[in-house]
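Chemist: Residues per chain, in single letters:
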Amino acid sequence: MTMLSVQDLGVSIGPIAPLSGVSFQLERGEIIGIVGESGSGKSLTAMGIMGLLPLIGGQIDHGTVEFDGIELTGLSENEYRKLRGGRIGLITQNPMTSLDPLKKIGPQVDAVSRLHLGLDRAGAKARTVELLGDLRIPEPASIYHLYPHQMSGGMKQRIVIAMALGADPDLLIADEPTTALDVTVQAQIIRLLGDLVKQRDLSLVLITHDMSVVAQTCDKVMVMYAGTAVERGPVQDIFDNPKHPYTKALIGCIPHGLSETVRLKGIEGTVPGVAQYPSGCRFHPRCTIAEEVCTRNVPVFETGAKRAAACHFALEAAQ
Amino acid sequence: MILKYSIQRLLMIIPVSLAISVVIFLIVHLLPGDPIDNLIRVGSSPEDRIALTAKYGLDQSLFEQYFLWISQIMTGDFGQAIVLRRPVADLIAQNLPYSLQLGGLAFLFSSIVGLILGIVAWASQKTWGEQFVKGFILLGSTVPGFWLALLMILFFAVNLGWFPVSGARDWTALVLPVLTIGFGGIALVARVTRVALLEVGREDFITLLHAKGLSRPTILFRHLIPHALLPVVTILALRIGWILGGAVTVEFVFGRPGLGSLLIRALGQRDYPVVQGSLLMLALAVMIGTLIGDIAQAAMDPRIREATK
Amino acid sequence: MTSAVWNKLSGFAPFRAFSSAIGIVAGGFLILLLLVAFFAPWITPFDVAAQNLANANAAPGWPHIMGTDEFGRDVFSRVLYGARTSLSVSATAIAISVSVGMLLGAAAGYFGGLFERAVMTVVDLTWSFPDILIALIFVAIIGPGLTSTTFAIAIAYLAQFTRLTRAQIVRLKSETFVEATINLGATPAHVVLRHLLPNALAPVIVVGMLAVGDGIVLEATLGFFGLGAQPPTPSWGAMMSSGTAQLFISPWVIIYPGVAVAATVIAVNLFGDELVRALDIRDRVRS
Numbered sequence: 064m065t066m067l068s069v070q071d072l073g074v075s076i077g078p079i080a081p082l083s084g085v086s087f088q089l090e091r092g093e094i095i096g097i098v099g100e101s102g103s104g105k106s107l108t109a110m111g112i113m114g115l116l117p118l119i120g121g122q123i124d125h126g127t128v129e130f131d132g133i134e135l136t137g138l139s140e141n142e143y144r145k146l147r148g149g150r151i152g153l154i155t156q157n158p159m160t161s162l163d164p165l166k167k168i169g170p171q172v173d174a175v176s177r178l179h180l181g182l183d184r185a186g187a188k189a190r191t192v193e194l195l196g197d198l199r200i201p202e203p204a205s206i207y208h209l210y211p212h213q214m215s216g217g218m219k220q221r222i223v224i225a226m227a228l229g230a231d232p233d234l235l236i237a238d239e240p241t242t243a244l245d246v247t248v249q250a251q252i253i254r255l256l257g258d259l260v261k262q263r264d265l266s267l268v269l270i271t272h273d274m275s276v277v278a279q280t281c282d283k284v285m286v287m288y289a290g291t292a293v294e295r296g297p298v299q300d301i302f303d304n305p306k307h308p309y310t311k312a313l314i315g316c317i318p319h320g321l322s323e324t325v326r327l328k329g330i331e332g333t334v335p336g337v338a339q340y341p342s343g344c345r346f347h348p349r350c351t352i353a354e355e356v357c358t359r360n361v362p363v364f365e366t367g368a369k370r371a372a373a374c375h376f377a378l379e380a381a382q
Numbered sequence: 010m011i012l013k014y015s016i017q018r019l020l021m022i023i024p025v026s027l028a029i030s031v032v033i034f035l036i037v038h039l040l041p042g043d044p045i046d047n048l049i050r051v052g053s054s055p056e057d058r059i060a061l062t063a064k065y066g067l068d069q070s071l072f073e074q075y076f077l078w079i080s081q082i083m084t085g086d087f088g089q090a091i092v093l094r095r096p097v098a099d100l101i102a103q104n105l106p107y108s109l110q111l112g113g114l115a116f117l118f119s120s121i122v123g124l125i126l127g128i129v130a131w132a133s134q135k136t137w138g139e140q141f142v143k144g145f146i147l148l149g150s151t152v153p154g155f156w157l158a159l160l161m162i163l164f165f166a167v168n169l170g171w172f173p174v175s176g177a178r179d180w181t182a183l184v185l186p187v188l189t190i191g192f193g194g195i196a197l198v199a200r201v202t203r204v205a206l207l208e209v210g211r212e213d214f215i216t217l218l219h220a221k222g223l224s225r226p227t228i229l230f231r232h233l234i235p236h237a238l239l240p241v242v243t244i245l246a247l248r249i250g251w252i253l254g255g256a257v258t259v260e261f262v263f264g265r266p267g268l269g270s271l272l273i274r275a276l277g278q279r280d281y282p283v284v285q286g287s288l289l290m291l292a293l294a295v296m297i298g299t300l301i302g303d304i305a306q307a308a309m310d311p312r313i314r315e316a317t318k
Numbered sequence: 018m019t020s021a022v023w024n025k026l027s028g029f030a031p032f033r034a035f036s037s038a039i040g041i042v043a044g045g046f047l048i049l050l051l052l053v054a055f056f057a058p059w060i061t062p063f064d065v066a067a068q069n070l071a072n073a074n075a076a077p078g079w080p081h082i083m084g085t086d087e088f089g090r091d092v093f094s095r096v097l098y099g100a101r102t103s104l105s106v107s108a109t110a111i112a113i114s115v116s117v118g119m120l121l122g123a124a125a126g127y128f129g130g131l132f133e134r135a136v137m138t139v140v141d142l143t144w145s146f147p148d149i150l151i152a153l154i155f156v157a158i159i160g161p162g163l164t165s166t167t168f169a170i171a172i173a174y175l176a177q178f179t180r181l182t183r184a185q186i187v188r189l190k191s192e193t194f195v196e197a198t199i200n201l202g203a204t205p206a207h208v209v210l211r212h213l214l215p216n217a218l219a220p221v222i223v224v225g226m227l228a229v230g231d232g233i234v235l236e237a238t239l240g241f242f243g244l245g246a247q248p249p250t251p252s253w254g255a256m257m258s259s260g261t262a263q264l265f266i267s268p269w270v271i272i273y274p275g276v277a278v279a280a281t282v283i284a285v286n287l288f289g290d291e292l293v294r295a296l297d298i299r300d301r302v303r304s
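Residue numbers (this note's numbering), protein chains in the order written: chain G, 64 to 382; chain B, 10 to 318; chain D, 18 to 304.
Treat the hints loosely; a few may be bogus.
Derived DSSO-like pairs (lysine-lysine); straight-line CA-CA distance at most 30 Å [said to hold, decoys possible]: (1) G:K166 <-> B:K13; (2) G:K167 <-> B:K13; (3) G:K311 <-> G:K369; (4) G:K145 <-> B:K135; (5) G:K369 <-> G:K261.
Distance ranges between label pairs, derived from CB positions [claimed, not checked]: (6) B:I121 <-> D:L201: 50 to 60 Å; (7) B:R94 <-> D:G129: 48 to 58 Å; (8) B:A316 <-> D:L201: 33 to 43 Å; (9) G:V356 <-> D:L201: 50 to 60 Å; (10) G:I76 <-> B:V31: 58 to 68 Å; (11) G:E365 <-> B:R314: 54 to 64 Å; (12) B:V31 <-> G:H212: 36 to 46 Å.
It is worth saying that the hints were derived from the structure and are not from the lab.
Beta carbons are placed, not taken as given, at the ideal position from N, Cα and C, and that holds for glycine.
Make a model of the complete structure from these sequences and hints.
Modeler: Written out as structure tokens, the structure reads:
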């Protein structure tokens, strides 16, 4: 059963168009990884699905986002609010700044179940304490009364996850959930997310810049570059047989380490900014197999197929 | 915990105000001129002068005068006004209520209206509402208070005859002074509120609150405003001395009694004990303001509470 | 040709403050005001001190477009001349305040320790004390007049520049280029004067410019109390002071100098904002 279907999504912020041509599908119980360097449009994709673009002065320019049969793009703010936090949960990148520092963490988690499940104060508290326990937080009943600054980064990220799970959602969107954490904690959080998907039969959009995380956890993957999707497919296929030169380079980089800069050492040049997107295929200035056609024509990214690669030479590259 | 912190901070006022009392004492005795000049009648002899100087202890060394003064204050005695010939404590007690009345009302008025305007400006970004508040902030923080007071008198008191021109007879005499001080106060509070809201609004946790499905009003009232209040409370607390003493221009224009007026009059007459007494009161007000601000910060922000443990 | 000149000028950061409509209007007004202040003795239509009791308290009209005061003196001429008094007093005062404040703040920030604590305690105390009271007390000590007004304003704003400079120095001190200079064996004086102060300069200058606006208000207030410029020298504050008695007879004697003060301070603030934007120092002008 299809949980989320994004077709040719494009985003504009004022006169600029930082995101276009994003398409993927996600079934119940599946994890899709969205990978790319910073500035590739991963977070904008997440904000677009959550309907939070107005917060940064942006809007969905074209394309459709269908969640469990509901078309989200035309939804009123009130209808959207019921889904947000209720059926779709968001996990943000930096747990240090994602909790209100003036409020105790317990009530911050309570807010979700009280709003979406209509629980009373006591019911919400009981649910929160149970949730914290499920997330392997020790002594949840006393943790409930702490303020964010009294907790470690890993603990805070679990609180953020608890908030996302507060109303038993069907879909989780995790935007680089481990980037700001210590390496050892990163692995725990990723494992926790994987377990949650299995136990609760969730769907998860996992945004990351780390190909090795994708390899360990995801069923599908979509690779993004300079504000557009370049390749998509089942994880196994992509790793065994990458069709886009950028994907190939990304995979080739894995053994070099974890940090973004080291990992991408294999690709010459840098990701262009929104104002300097090249004509034709946006990857062509850094591509080793680019030809004249790449500077002129934008390669097609198939929306429906299981496998897609936005490259004029995708087939050749595959063979 | 807050209580313990408050008591600690309260005790800190004692050494600081002692230090301030020395500074005030020195400043006052640096003033050229002699209060006795104002007391000497035409034709009185040099002996009279010496007698008067001795009567007010002005013939003693600065050191002795200071200790006499400070030990009297410990017992609540601010000394005797030389020119006005009354206990300084009486003069202060007579003038302080007027300052508190005007200052308190102006304070409430500026905080409430300023907060509302700041929130309006934030909520109406990129529309005429924001432009209006920004214009008001610019005017309120630049127009000289005494000039505004004069215009108010001209328009509301003379042309329309709604309020008295001057004095402090009843509440109607308070309206124009409160409006005058409020004009600048509102601008200050509105500016701080607006900037604070804009800054907090960019924080990650606000995005996450939206992602939880909370409505905009809930986010504004439960989360944004408490954060915006932190700097507003600090600035308001710092302004308590400002409102009590800085009201001097407005008191002057409207012919109102008050601490500021008392100080200015005493400065002109070189009435040392009165100048000392009213300056000390103002310094105390400033310190209490800072204290209230710090305690309010600790009460509102758990991170500061932690740091003060 | 003109475009080449423009390119050259726009390369100079402060000039970019003129790139918006507000910047042009506010900056243009200030330049005009400076010219008026400078050439005041030659351009006022009437003698600022010439009394004409037969024509006292005349309403605005021709030839006295802003009317006359209780001595029959031309208000418009006096407003023009008042710009000279107000601007020079305020600018001189702030220049003193900035120089002394920068030295104090730099010393406090650089040396730290007990010296810093002593300086900052005094500074914080005066900072939370109403500036008008500080100025009034100071004028009471050394007597009324333009010189004491200038020093009173300088002292009233000293705390602000000391705080600001110290904040800049403390921030800069931790940056690598300063550490590197110290490691290379530079003396403290060299580090402060050649490296720290020049870097702290831009925000201090801009805040100083904004303070000239506040200084004009303070000068007017002291003048209003009769403690600033002494007659017959026209200053905006002194004009309003003598005008109070005539408030109900000839309000224009009060209104026009006040408009001049308000317009000048607003122009200073608007242009200051544009300057902050042009120099990109928004985060640094707060102390």
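Chemist: Does each hint fit the structure? Answer for all of them.
Modeler: Each hint tested on the structure:
Of the supplied pair hints, the one linking K166 of chain G and K13 of chain B holds, its CA atoms being roughly 22 Å apart against a limit of 30 Å. Between K167 of chain G and K13 of chain B the CA atoms are separated by roughly 22 Å; this keeps the pair inside 30 Å, and the hint holds. Of the pairs offered as hints, the one joining K311 of chain G and K369 of chain G holds, with about 18 Å between alpha carbons and a cut-off of 30 Å not exceeded. For the given pair, K145 of chain G sits about 28 Å from K135 of chain B by alpha-carbon distance, which is consistent with the 30 Å threshold.
Among the hinted pairs, K369 of chain G with K261 of chain G is consistent with the structure: their alpha-carbon atoms are about 22 Å apart, no more than 30 Å. Our hint of 50 to 60 Å for I121 of chain B and L201 of chain D holds, since their Cβ atoms are close to 57 Å apart. Take R94 of chain B and G129 of chain D: their Cβ atoms lie about 50 Å apart, and the range 48 to 58 Å holds. Remark: the range hint 33 to 43 Å for A316 of chain B to L201 of chain D is upheld by a beta-carbon distance near 37 Å.
Range check, V356 of chain G to L201 of chain D: about 56 Å between beta-carbon atoms, so the 50 to 60 Å window is met. One distance hint, 58 to 68 Å for the beta-carbon pair I76 of chain G and V31 of chain B, holds here, with the actual separation near 60 Å. Distance hint for E365 of chain G and R314 of chain B: a CB-CB separation of about 57 Å, consistent with the stated range 54 to 64 Å. One distance hint, 36 to 46 Å for the beta-carbon pair V31 of chain B and H212 of chain G, holds here, with the actual separation near 40 Å.
In this structure, none of the earlier numbered hints is contradicted; all agree with it.
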